Amino acid sequence: MSDSHYATTITNESDRCRFLVESETSQLQTDTEDECAPFFVSLQDLPADQLLHLQQVGLLPPSSKQQVNTNSAKARQLLGLDESSSSSSLSAAEEEDVVGLEETVDVSVLSLEEKDMDAEAEEEETKVDDDDSVYYYQVCLLREKHAAFVTRALFAPLPAGYVSLDSSRPWIIYWCLHSLDLLDRLPPGTKLQGVVHTLQACWTSTTVTLDTCLVQRDPFLSLHSHPNSDTTTTTDMDSIWIPDASSSSSSSSSGRDTMQLRGGGFGGGIGQMAHCAPGYAAVLALCIIAGLGLRDKGEESCDEETKEAAVMALALLKRKRLQLYVWFISLRHTMPRLTTATTTMMTEEENTMTGFRMHHDGEIDVRASYCILCMTTLLNLTTEPLTEGVVEYIAACQTHEGGFGGEPHTEAHGGYTYCAVAALKLLNDYNHVDVPSLTGWLARRQMSYEGGFSGRCNKLVDGCYSFWQGAGMAVLDLLYDKQQHHSSLGEQTTGPHPFDSGVGEENESSSSLMDEKAGSKRAGLLFDRTLLQRYILLCAQDVNGGLRDKPSKPRDFYHTCYNLSGLSIAQHVLSSHESNTGSMEKNDDNEDDKTFVYGNVETNLIGATHPCFNIRIERSTDILNVFHKKETQT
Amino acid sequence: MSSFGEEEKLAVIFADVTPIEQNDGEHPVCSIDYSPVFVESMNYLRAMLKADERSERALQLTAQCLQLNPANYTVWHFRRRCLYALASSSLNHEDGKEEEAISCLDDDTLERDFQLASRLGGPNPKNYQIWYHRRALLEPILMTANTGTEGTANNTNVTDKIAKELSYVATVLQKDGKNYHAWSHRQWLVRSANTDALWEEEKEFANELLMYDPRNNSAWNQRFFAAHHGTKNPLSAADAWKEAHYAIRGAAVDPYNESPWRYLIGIVKEQTRAIDLGNEMQKAAAIELIQECETELVKLQEVFETTTTSEHSTSVPDCVNLTSAHIDLLELKGNPTSLDMAADLAHDLITRDAIRRKYWAWREEECRASSVETS
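Heads up: the protein sequence lines correspond to chains A and B, in order. Using our numbering, read the first sequence as starting at 1 and increasing by one per residue. Using our numbering, read the second sequence as starting at 1 and increasing by one per residue.
Everything labelled a hint here was simulated from the structure, so no lab data went into it. Among these hints, one or two may not hold up.
Simulated pairs of lysine-lysine, DSS-like, Cα-Cα distance not exceeding 25 Å [stated by the list, open to error]: (1) A:Lys550 x B:Lys203; (2) A:Lys553 x B:Lys126; (3) B:Lys358 x A:Lys594; (4) A:Lys550 x B:Lys269.
So these bits of chain B aren't anywhere near chain A, every CB distance computed over 12 Å [unchecked claim]: (5) Ala15; (6) Gly122; (7) Gly177; (8) Lys242; (9) Lys283; (10) Ala284.
To be clear about the criterion: a stretch of chain A counts as covered by chain B if any three or more of its residues have a C-beta under 8 Å from a C-beta of chain B, and this derived list gives those stretches [as the list claims (entries may be wrong)]: (11) 23–29; (12) 532–540; (13) 596–602.
These figures come from a predicted structure and were not determined experimentally. All residues carry an ideal CB built from backbone N, CA and C; glycine is no exception.
Turn these sequences into a full structure, and let the hints guide you.
Set out below in structure tokens:
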């Protein structure tokens, strides 16, 4: 029987960190392993009162009252049927949670046969293969508690200490909204409307100065920046044209002709400058809400308030699209490449690469490239003038280790690697990077003992890397896999969008080293899906709701979002996505191309997130369809 | 003193100003229960922003606001605009000539703001805005120096500033030897200076950190950066040998440490890339390097197995890193024999490094396929 049937085990001492020389790093690593070890106990060996406690907090399934032979006192105790012991240690709030859990877990789905509980209780002392008692040891995702934790952020003001996130409010919104979407626990439509209003309040317009020749060469800018351009805001789109604000500005230090256009973006809060990170979060949050209204068919249709929110969200995206583009262009920063031009075809002047600033008068790193490409892909704003030199900059961020740093030569790091890998997928160009080296680096980031991912070599496990590293692997899986014949990742889309080829369709554009090998090979998700899910469910869950970095760290919205997103990545295989969620089968092992749920299938299966965008694939598919329709091309 | 003293109430200093409240709308989502001090400070700051008043009192107000939320990049930007405006007005420059004013910030002003950044940076070592502020202030000065029009005096000034910054970064790394922002800032400083002396010093700096903790991967990465003088051009064959040997010595200290192995493979792989493009001499040097590394690796393996196998243990001590590096070297060697051997080793790792079994199965497959292709 494979390990997947059990909630725990696999406390393998030989997987612990080894060293001939002790150091600060090895000490920290050992401490972390010690911190996780208690969570990796064999549940079957736990005393009854501890098992009961796990049930009470919801980490183990509640007992099935109707099917248990209640003759055995020991069985009753083990399974928490004894009324007096089960209620005394629960607070009123917790009791509510437990009751809620029992209601959501539909035990009738599993065909539990009536069994002799005495015999079963005895069997538990030895290794058990039986499905029924195995069910009781399957660790649960605390769905309702996590939903309650993040929902509170959307309904009540956050305490004063959150002032440190006062420039990240769209982030908080996105972390919570996406978590709820994965958990299928989105708030009511009225609240979603409030979200749209708040994000709208975070919008800031700004005047941008661009070289006139650049504007003239650009497909979008040239179309909307001439004397006949509409300066008024139409119902659909805010204008970028500023009349009487062009040409021969003597303030340009370069002496080139410049002109001013109206740009804009979302900032971290009301009245704050536009910034790529909260901008990315705002656009994703709006796509989630807008997506809800686009699924309005049959049993998936939503109520009036939600529909209204969705319409508002979509309208906001459509209105601000062009101004966003202007602002993106203004963030480009071209610099010399770090390699001497190797051919005589290229002058040193042409030997350049282009990064983006995160905001005006702000830092340049690969996060900006990713945030911008993510937004331009979803909103169909990717153009050649925007992307020129961009792939070269991203490629320059790959280090000798195989992963990517934030800037060229900085250390390979999970967050930046994700940004690079996803951005390259959106650009559909892996020709400038060493994919096998990248693959090796990603594979080595999964920690043998803990099962979760670390962010860098010789650093510690952290639940958020479940997504950053796991999704990096998933994106590569999309890249390697060319043989899928169907994919529910993208239902038929109406228009071509660059990133989508390679996902369910034949990849026509030049993409990777794999093209040369006869018969493209399917590499699959090259990390251990069981152990990653195990880490998330056993070590990252806070019994009071919310998820965390590691057991010694407190829960927060960011870690809730990214642990859940990582869980989603590990559960679903998108390159040949089969929605076999209806079968509710326990998978015998984590076969490459199947949905695989560790622990309790009923409680643990969450929505499938898209590895490039990190919103549910239904949302990204629908948004792409809207913006990539032919009418939206201009 | 960069912000107001306790006796100076904002209401007094800004008596002529109407504070502007944050317009959160009717039912804001994810709102924060700000402290009264924060509300008041930001209300006046919004007024300054709206009026675009880039004055001394506005400057001091930004310090106060940044104390409360050092991540507000809008306030940092406004602070810099105040600095430039005050500097240019004191030099009687026209409005709008701020680009020139940026490089005219005097040393006292710079020093004060570095101290502000250091003060705020202490409890916030991973704040992007604070690190960027240091860079934003220093960058124009470094750029002016690099255009080469300045005399030696100014260059000494620049050298001093860089040295001072480097020592600041060193103190941050003292507390956390892997602080990503600190390393990034350091790379920018050394790359901007771009002198042979500093490149050598940087290698030594990284080496010292590795003496303290051989598993400091950031230091290994910094060494790679310094050895390459911040470029992506391949090392000379001679330098590659030196670096390869450094890595092998690092691996010998503790083969369970992944960092030196990855450093080694990085160095060797870079040299093999020269094989396709370069001349026969380069090709021969690269092949020799791979062979040398493989020889050293096998030696290391023997020593390792001898010293770690105890009399009572029947199992062979296991070092996945070592085998992993061996596989990489064999693959770089690229002939059918080495590729077959690599495939066999990868096959072993499917069980020895079970968490990565799918990765090793894929590596094995790739090696076998390559072996067939090259034979």
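Okay, the hints, checked on the actual structure:
Between the alpha carbons of A:Lys550 and B:Lys203 the distance comes to roughly 34 Å, so the proposed pair goes past 25 Å and is violated. Between A:Lys553 and B:Lys126 the alpha-carbon distance is near 17 Å, which keeps this suggested pair within the 25 Å criterion. For the given pair, B:Lys358 sits about 15 Å from A:Lys594 by alpha-carbon distance, which is consistent with the 25 Å threshold. Our distance criterion of 25 Å between C-alpha atoms is broken by A:Lys550 and B:Lys269, whose separation comes to about 36 Å.
No Cβ of chain A approaches the Cβ of B:Ala15 within 12 Å, the least distance being about 23 Å, so the stated non-interface status holds. In this structure B:Gly122 is separated from chain A by more than 12 Å, as the shortest Cβ-Cβ distance comes to about 15 Å. The claim that B:Gly177 is not at the interface with chain A is violated, since a C-beta of that chain comes within 12 Å of its own (minimum 7 Å). With a least CB separation of 15 Å from chain A, B:Lys242 remains clear of the 12 Å interface cut-off, as annotated.
At the 12 Å boundary, the C-beta of B:Lys283 stays outside the reach of chain A, the nearest C-beta of that chain being 17 Å off. Separation of B:Ala284 from chain A is adequate, the least Cβ-Cβ distance of about 21 Å exceeding the 12 Å criterion. With 4 residues having a beta carbon nearer than 8 Å to a beta carbon of chain B, the region 23–29 of chain A meets the requirement of three or more and the stated coverage holds. For the region 532–540 of chain A, the stated coverage by chain B is violated: 0 residues have a C-beta nearer than 8 Å to a C-beta of that chain, whereas at least 3 were required.
Counting residues of the region 596–602 of chain A whose CB lies closer than 8 Å to any CB of chain B gives 0, so the stated coverage by that chain is violated, three being the minimum.
In terms of the numbered hints stated before, the structure departs from hints 1, 4, 7, 12 and 13, listed from lowest to highest.
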